[in-house]
Amino acid sequence: MPGKTLFEKVWDTHVVSQDEGAPAVLYIDAHLIHEVTSPQAFAELRERGLPVRRPDKTFATMDHAIPTRIGVDISLWPADAATQVETLRKNCADFGVPLYDIKDEIQGIVHVIGPELGITHPGMTIVCGDSHTSTHGAFGALAFGIGTSEVGHVLASQCLMQQRAKTFAITVDGELGKGVTAKDIILAIIAKNGAGGGQGYVFEYRGSAIRGLSMANRMTVCNMSIEGGARAGMIAPDQTTFDYIQGREFAPKGERWDKAVAYWKTLYSDEDAVFDRELKLDASQLEPMVTYGTNPGQGIGISGHIPTSAEVADPAERRSLAAALEYMGLTEGQKMEGQPVDVVFIGSCTNSRMEDLREAAAIAKGRKVAGNVQALVVPGSKAVKAQAEAEGLDRIFTEAGFEWRGAGCSMCLAMNDDKAGSGKYVASTSNRNFQGRQGPGSRSLLMSPIMAAAAAVNGRVVDVREMMG
Amino acid sequence: MQPFTQLTTTALPMRRENVDTDQIIPARYLTAVTKAGMGDGLFSWWRYGRDGKPNPDFELNKPEYSGSQVLIAGRNFGSGSSREHAVWALTEYGFRAVIAPGFADIFYNNSLKNGLLPIALPEETVNMLWDLIEEEPTTTISIDLENQTVTLPDGQQMGFAIDDFRKTCLLDGLDDMGYLLAKDEGISAYEAALPY
Numbered sequence: 021m022p023g024k025t026l027f028e029k030v031w032d033t034h035v036v037s038q039d040e041g042a043p044a045v046l047y048i049d050a051h052l053i054h055e056v057t058s059p060q061a062f063a064e065l066r067e068r069g070l071p072v073r074r075p076d077k078t079f080a081t082m083d084h085a086i087p088t089r090i091g092v093d094i095s096l097w098p099a100d101a102a103t104q105v106e107t108l109r110k111n112c113a114d115f116g117v118p119l120y121d122i123k124d125e126i127q128g129i130v131h132v133i134g135p136e137l138g139i140t141h142p143g144m145t146i147v148c149g150d151s152h153t154s155t156h157g158a159f160g161a162l163a164f165g166i167g168t169s170e171v172g173h174v175l176a177s178q179c180l181m182q183q184r185a186k187t188f189a190i191t192v193d194g195e196l197g198k199g200v201t202a203k204d205i206i207l208a209i210i211a212k213n214g215a216g217g218g219q220g221y222v223f224e225y226r227g228s229a230i231r232g233l234s235m236a237n238r239m240t241v242c243n244m245s246i247e248g249g250a251r252a253g254m255i256a257p258d259q260t261t262f263d264y265i266q267g268r269e270f271a272p273k274g275e276r277w278d279k280a281v282a283y284w285k286t287l288y289s290d291e292d293a294v295f296d297r298e299l300k301l302d303a304s305q306l307e308p309m310v311t312y313g314t315n316p317g318q319g320i321g322i323s324g325h326i327p328t329s330a331e332v333a334d335p336a337e338r339r340s341l342a343a344a345l346e347y348m349g350l351t352e353g354q355k356m357e358g359q360p361v362d363v364v365f366i367g368s369c370t371n372s373r374m375e376d377l378r379e380a381a382a383i384a385k386g387r388k389v390a391g392n393v394q395a396l397v398v399p400g401s402k403a404v405k406a407q408a409e410a411e412g413l414d415r416i417f418t419e420a421g422f423e424w425r426g427a428g429c430s431m432c433l434a435m436n437d438d439k440a441g442s443g444k445y446v447a448s449t450s451n452r453n454f455q456g457r458q459g460p461g462s463r464s465l466l467m468s469p470i471m472a473a474a475a476a477v478n479g480r481v482v483d484v485r486e487m488m489g
Numbered sequence: 070m071q072p073f074t075q076l077t078t079t080a081l082p083m084r085r086e087n088v089d090t091d092q093i094i095p096a097r098y099l100t101a102v103t104k105a106g107m108g109d110g111l112f113s114w115w116r117y118g119r120d121g122k123p124n125p126d127f128e129l130n131k132p133e134y135s136g137s138q139v140l141i142a143g144r145n146f147g148s149g150s151s152r153e154h155a156v157w158a159l160t161e162y163g164f165r166a167v168i169a170p171g172f173a174d175i176f177y178n179n180s181l182k183n184g185l186l187p188i189a190l191p192e193e194t195v196n197m198l199w200d201l202i203e204e205e206p207t208t209t210i211s212i213d214l215e216n217q218t219v220t221l222p223d224g225q226q227m228g229f230a231i232d233d234f235r236k237t238c239l240l241d242g243l244d245d246m247g248y249l250l251a252k253d254e255g256i257s258a259y260e261a262a263l264p265y
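As given, the protein sequences belong to chains A and B, one line each in that order.
The first sequence begins at 21 in my numbering and counts up by one.
The second sequence begins at 70 in my numbering and counts up by one.
Everything labelled a hint here was simulated from the structure, so no lab data went into it.
Quick caveat, the model's predicted, so the values are computed rather than measured.
Treat the hints with care, since some could be wrong.
Subject to a maximum C-alpha distance of 20 Å in a straight line, what follows is the list of computed EDC-like cross-link-like pairs (lysine to aspartate or glutamate) [said to hold, decoys possible]:
| hint | chain 1 | residue 1 | chain 2 | residue 2 |
| --- | --- | --- | --- | --- |
| 1 | B | LYS236 | A | ASP193 |
| 2 | B | LYS104 | A | GLU67 |
| 3 | B | LYS252 | A | ASP292 |
| 4 | B | LYS252 | A | ASP39 |
| 5 | B | LYS252 | A | GLU64 |
| 6 | B | LYS236 | A | GLU40 |
| 7 | B | LYS252 | A | ASP32 |
| 8 | A | LYS444 | A | ASP334 |
| 9 | A | LYS186 | B | ASP244 |
| 10 | A | LYS186 | B | ASP232 |
| 11 | A | LYS77 | B | ASP232 |
| 12 | A | LYS402 | A | GLU40 |
| 13 | A | LYS279 | B | GLU260 |
| 14 | A | LYS77 | B | ASP120 |
| 15 | B | LYS104 | A | GLU125 |
| 16 | B | LYS104 | A | ASP100 |
| 17 | A | LYS444 | B | ASP120 |
| 18 | A | LYS77 | B | GLU254 |
| 19 | B | LYS104 | A | GLU106 |
Next comes chain A alone, as it looks inside the complex (with noise of 0.2 Å):
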């Protein structure tokens, strides 16, 4: 019998049980949530009269509707913001689960706190009603995104009934150029498999150049295996998220630290385990990228062009490259180099953690924001942001004439006061260039934190390796 990988490994601890021609019911070891997809779930809950079989292993925080304008009274939020944050505060004060709420010293965006207090570790399984929940499989855990029904599910039974997905090992091989980081090679990765190149499966990141990421880097790449089209990507455990864990509010202690390293060291892909597809890139070979579409596979190298319609095979991404131009206002064969922005976002679930603020403040630090650009930083949560300014970083941003704000999903989705307006280019660190994801008819160009901060001091998307000594 040939090995197992991590996935397998994960997945087969969790099974509590598989009825002949069901799926599995599969044990859920944490539950995140956050104020816009659980409402609904927990109506259902009242309903059916059921309580939260494990408050223990639920928790809750507010980050996508909430402004992240430092210092406006809940008074003065939009009322239906207001009313979801009022509805999570009842949900959690009646079934007894802890909400880290935005008036309390711990709030952020639900998958930068959930690591940050030690609540993620290898070998979990972890949900959220939220697609970046894949963000966690940097620690070797086995998490992704459900729906609102299934939040309920988890919420009544701490179990969820689902199908085993197949496994696609994507080895990144090399070293990364200067310049060039974790966002980079995310990007390539969409770019090369598709955005739906990974339905019906879970990544596992392997590799020399994802071994030589730290953690923060690591949940970027994982992040974005939902853009993929993979609902989980998963990172084998090391050091480095050893270190990372230890000491966390929540991470085991004493004996029990020592007895969960020796397990979590188990969790590797043994190296005659077979992967149903396979993908390798060339660290050394990539650049930095930019989305010049509507769909996240749609980027390129910074020396690139946008395709031309001759060199799409293709009739259906042909029709895909059109509409999405159509849409963004750019033309085919263009370079995405030299292209005026008017908006820059530093932030969102995939890049507002401590290595993106010091890595963008560096090359934003004695520079100025270009005249016509309004630029937005917004750390990942209050624990970020009390550091980054413990480092003075809010001051280099300040004084270039960024925007420091408080905790949250801000313009990442355009579901609170954040937006960019329509017919803008948004340098954005996110994780969508969706149509009108940052605002009605906004358009987004995807970068890395370092490019988007080059963005904003040039007022158009350069090669942010031509700012770097």
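Once you've looked at the hints, dock chain B against the given chain A.
Below, chain B without anything else, positioned relative to chain A:
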């Protein structure tokens, strides 16, 4: 959940790939705390002009497709966000099934939990259906879940795959909650054996 057994209806051809859940239901409709009302927001970027009036060029607003209960779209339908609101919007508007060459995983799952039948057919078949329906919008298609078939008026029939368990749930209108709650004993035994 509303059961799904058989359906004969006209269909709406949507010649677009990668229709993401932000298009199906933009985030500003997600500030609701109930499921109701999502149908009004369905495809709202495309459906309404800047002035809030219906965009006559958008498929959904064309009178010849009015009342269609099946949407036929391109590859990677429902990609993006996990928002089940996308499915609630489609069902509230009146769709009972979506045909596409492929669906995003989370959307596919969410559909099955709301009685919306996602049918994956080969891209050539989807192209053929688009051509046929655009030529003759009154064309009806018949879906038979029990037998897993899609049938055209000329008798041409295509089979589709669906997991047996999910099929039974759709046919009988059952959701997962009852099944999971009945597993309580097994779940408790599993929890008792958790390592830490």
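Comparing the hints with the structure gives:
1. B:LYS236 - A:ASP193: violated, 43 Å
2. B:LYS104 - A:GLU67: Within the cut-off at roughly 14 Å; holds.
3. B:LYS252 - A:ASP292: Violated. B:LYS252 to A:ASP292 sits at ~35 Å, over the 20 Å cutoff.
4. B:LYS252 - A:ASP39: OK: B:LYS252 and A:ASP39 at ~11 Å, within 20 Å.
5. B:LYS252 - A:GLU64: Satisfied, since the Cα-Cα distance of roughly 19 Å is no more than 20 Å.
6. B:LYS236 - A:GLU40: holds, 14 Å
7. B:LYS252 - A:ASP32: holds, 18 Å
8. A:LYS444 - A:ASP334: This hinted pair is violated, its Cα atoms lying about 30 Å apart.
9. A:LYS186 - B:ASP244: It is violated: about 25 Å lies between the C-alpha atoms, which goes past 20 Å.
10. A:LYS186 - B:ASP232: holds, 15 Å
11. A:LYS77 - B:ASP232: violated, 30 Å
12. A:LYS402 - A:GLU40: The hint is violated at about 47 Å.
13. A:LYS279 - B:GLU260: holds, 18 Å
14. A:LYS77 - B:ASP120: Answer violated: A:LYS77 to B:ASP120 is near 47 Å, above 20 Å.
15. B:LYS104 - A:GLU125: Violated, at about 32 Å.
16. B:LYS104 - A:ASP100: Holds: B:LYS104 and A:ASP100 sit about 14 Å apart, inside 20 Å.
17. A:LYS444 - B:ASP120: Roughly 19 Å between the alpha carbons, so the hint for A:LYS444 and B:ASP120 holds.
18. A:LYS77 - B:GLU254: holds, 19 Å
19. B:LYS104 - A:GLU106: The hint holds at about 18 Å.
The earlier numbered hints that this structure contradicts are 1, 3, 8, 9, 11, 12, 14 and 15.
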